[in-house]
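**Student:** My request is simple: use the sequences and hints to build the entire structure.
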Amino acid sequence: MIDLLSYGAFFLTMALTYAVICLGLNLQWGQAGLFNVGVAGFVAVGAYVSAILTTPPVDGRIGGFGLPPLAGWLGGGLGAGLLCFLLGALTLRLRADYLAIATFGAAVVIQLALLNLEGLTGGPFGIGFIPRPFGGLAGEPGLFAAANLGVLILLVLACYLVLQHLTRSPWGRVLRALREDEEAARALGKDPVAYRLQAFAIGGFVMGLGGAAQAHFIGFIAPDNYLPTLTFQVWTMLIIGGSGNMRGAILGAVLVWALWAVSGSAVSALFPSGQQARAASLQLVLIGVALSAVLLLRPRGLLGEAGTLRSPLRRADRRDTAKISQGQKTNA
Amino acid sequence: MSADILRVSALAAGYQPDLPILNGVDLTVRDGEFVVLLGPNGAGKSTLVKCIAGLVPVHSGAIRLCGEEIAAVPAHMKLRRGLAFVPQTENIFARMTIRENLQLAAQILPKARRAGRIAAMYDTFPDLAAAPGRRAGALSGGQRQMLAVARALIVEPRLLILDEPSAGLSPLMVAEVFERLRAINGAGVTILLVEQNVRAGLEIASRGVILVEGRVAHDAPSGDLAGDPVVAELYLGGKAEAPA
Amino acid sequence: MMLQPLMDGLVNGAIIGLGAIGVTLTYSILRFANFAHGELLSWGAYLALTVSAALGALLPGLGTPIGPFSFGWSVPIALLASMALTAGLALAVDWLLFGRLRQSGAAQIILVMASFGAALALRNLLEFIYTSSPAYFTNELQIAMKILPGLRATPDQLLVLGLALVTVVLTHLLLTRSPAGRAMRAVSENPALASLAGIDTRAVIRLVWILGAALAAVGGILSGVIVQIRPTMGLDLLLPLFAAAILGGIGSVPGAMIAGLTVGLAESFAVGLVGAEWRAAVSFVILVAVLILRPQGIFGKAMA
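Residue numbers (my numbering), protein chains in the order written: chain A, 1 to 332; chain B, 1 to 244; chain C, 1 to 304.
To be clear, the hints were calculated from the coordinates, so they are not data collected in a lab. All clues stand as given, with none of them false.
Simulated DEER-style distance windows between Cβ atoms: (1) C/PRO179 x B/THR28: 28 to 38 Å; (2) A/SER265 x C/GLY275: 36 to 46 Å; (3) A/GLU182 x B/SER9: 31 to 41 Å; (4) B/THR28 x C/THR176: 36 to 46 Å; (5) C/LEU59 x A/LEU117: 43 to 53 Å; (6) C/TRP95 x B/THR28: 34 to 44 Å; (7) A/ALA158 x B/LEU19: 40 to 50 Å; (8) A/GLU182 x B/VAL73: 25 to 35 Å.
Virtual Cβ for every residue (Gly too), placed ideally from N, Cα, C.
**Tutor:** Structure follows, in structure tokens:
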């Protein structure tokens, strides 16, 4: 019973770290319509910055400042946010999918850096001994698990409330207006690039925060945790939950993480050890198909926000018809 | 009694299903006619011709070209049925040369006729023949309109529809474009022209149709419309001209 | 000494260029960055591998190396078959996914996202079918010949260069001189006007997929002949493909090839300077530099 409870707590804590990442992505995509293909990279930056700031000093590795976890989390968020800001500044004035290409490239380079900058990142072996919040409780597994879960619940709640407040503020309304009808918003004197850049950077901060929290919860990180598969997972969570909707993002994270865990253990139970790698690739095929199918069949996700994901074509038509009805008024 | 080239009946159309811009338009264009489509801004003139060309979805009603229903025919098949449309803006391929624009337009013709039709366009529009290798984007406003008209005429359409070819041109250029249109009509091509300037439109066309709020408000020979005191009051900005 | 990276870079760059042509065509005509394009290279290579293995099993004579090359006639036959099969695969994905999204009027970025999902599914399907261990068209070893002092190349490498060059010239002629090419450029510039000019945009879109996928198959197969075949080869090439397509200017076929060669050469020389482990970062550096200095690319028109 205790085992089951502590497994439940472990599972939920892990799912909630994804929920934080997912909330960050939701600000970028759901609210601002910015497509980030490098989620794994930004999560990795958050995790590694926090790990370097908080781990005890190690010979032969830069970092190990032994700072408290909270400072690490803040640093991780800032690191990822700054990187998002730079990439956004580089591409947001250009075509919409240049941002996607640039974030994809950034994730590739971050992965390379994790592997090759051994003096900073520990190379392929990663960084261990990342201090866990409430490490002092490690002797009592039940209490320890509950405390960790509590921290993550607080973090998710804080992110949720802040982001919800942001999206309901005038700032959030402008952001959505830009996504729906850039020209109209521009006509009101709003600079789309500035708003999008802010949203992208804040989203990156939240993503980094999620990565940092995850690192401290697991206690050990390595480049293999941050492969493109992670990006796919987070995207699936957001799309399934419904982009644009903060609660959907959290629900999607928990749901997809559960599906992932269940199908993962099914794979290891059903397939002989030699075939498990193949079976795992089938699992990813299904994720890819599911992602495409949701886009096709239920583009607003399970808990979607009404009126999202309109096509630019229809937007243009609306402008056209708006012009025409305006003309009628003046001429009537 | 000449045959109907175009017959639009009870046409309702718009970009969105719940927002019709045309509310039951009836319009007939007979063989050899030169009809001008007039009306205030936002009356639906552009929408009507775009709809006939297949760029705006039809909600209900019929569009017949030479007796055949074409409302459901995709835009790219309409040219093959003899309907050519020249949009108001972006009506040439600016990144291609003049020659390529014409070659592209001639592509739906049988191979044997292509070269002859392109040569015929160079004869009709000597400006284009001067430098066929020039990028179309580098042409002046008037030359662009000539190229756009040539692109449409190359396939010898039965009906030529033009959406405000005079927009943005100097008065001198407008006069020249209109002169060309008159000659094209004289050569037997039926024309439906959208025009903002009521006086100029009625001067060149044989019949005028005035569209108001998505419906046909007036449909009469140009002379009658120009002399109609109501029309004059509403659309000509003042007193009627002396009846012709 | 300085010449050897030149050869390696050109060979690699030619393969990147072949892939980048497909990316640039899809981007300019279907108007989205196709993240699944790399998978067309992988699928092209694996389909050819399968056909060539089947041919070799049926007619062992086809496996005997042709002249100085490492492979037998089964490979060129498989290349043609794979071009057709990969084109079929691209058309199937378009029919299943992209075409439906276009019909529903989905935003461009939704297509990018769908391509991302399709890439994941296609890549892992390969891994499921063929496992992740590398495969080879042939086990023959080739001795590099001395061409110039300090420059050695295998016959295979020279063939790749020659074949890539011929393919690019043919594609360029097709686009600039043929009615089909004119129609493609017309749709790329203004789809609505193209349909008014009597062009069936759906047919043009099919043509883009066929052309892009066939060239991707050639690129993937050549990469397989020179290096090896892996399910992740397309993913690894994706960043160089995008970098080359943007550097060359979206929509420009010669631009994509010249930029592909540039990326290949830059990778090859950078490896000599900073080590092979940083190879994948070279494309990113080029991408960032282009976006800062000349976002429309070398041969691109300035964007409004």
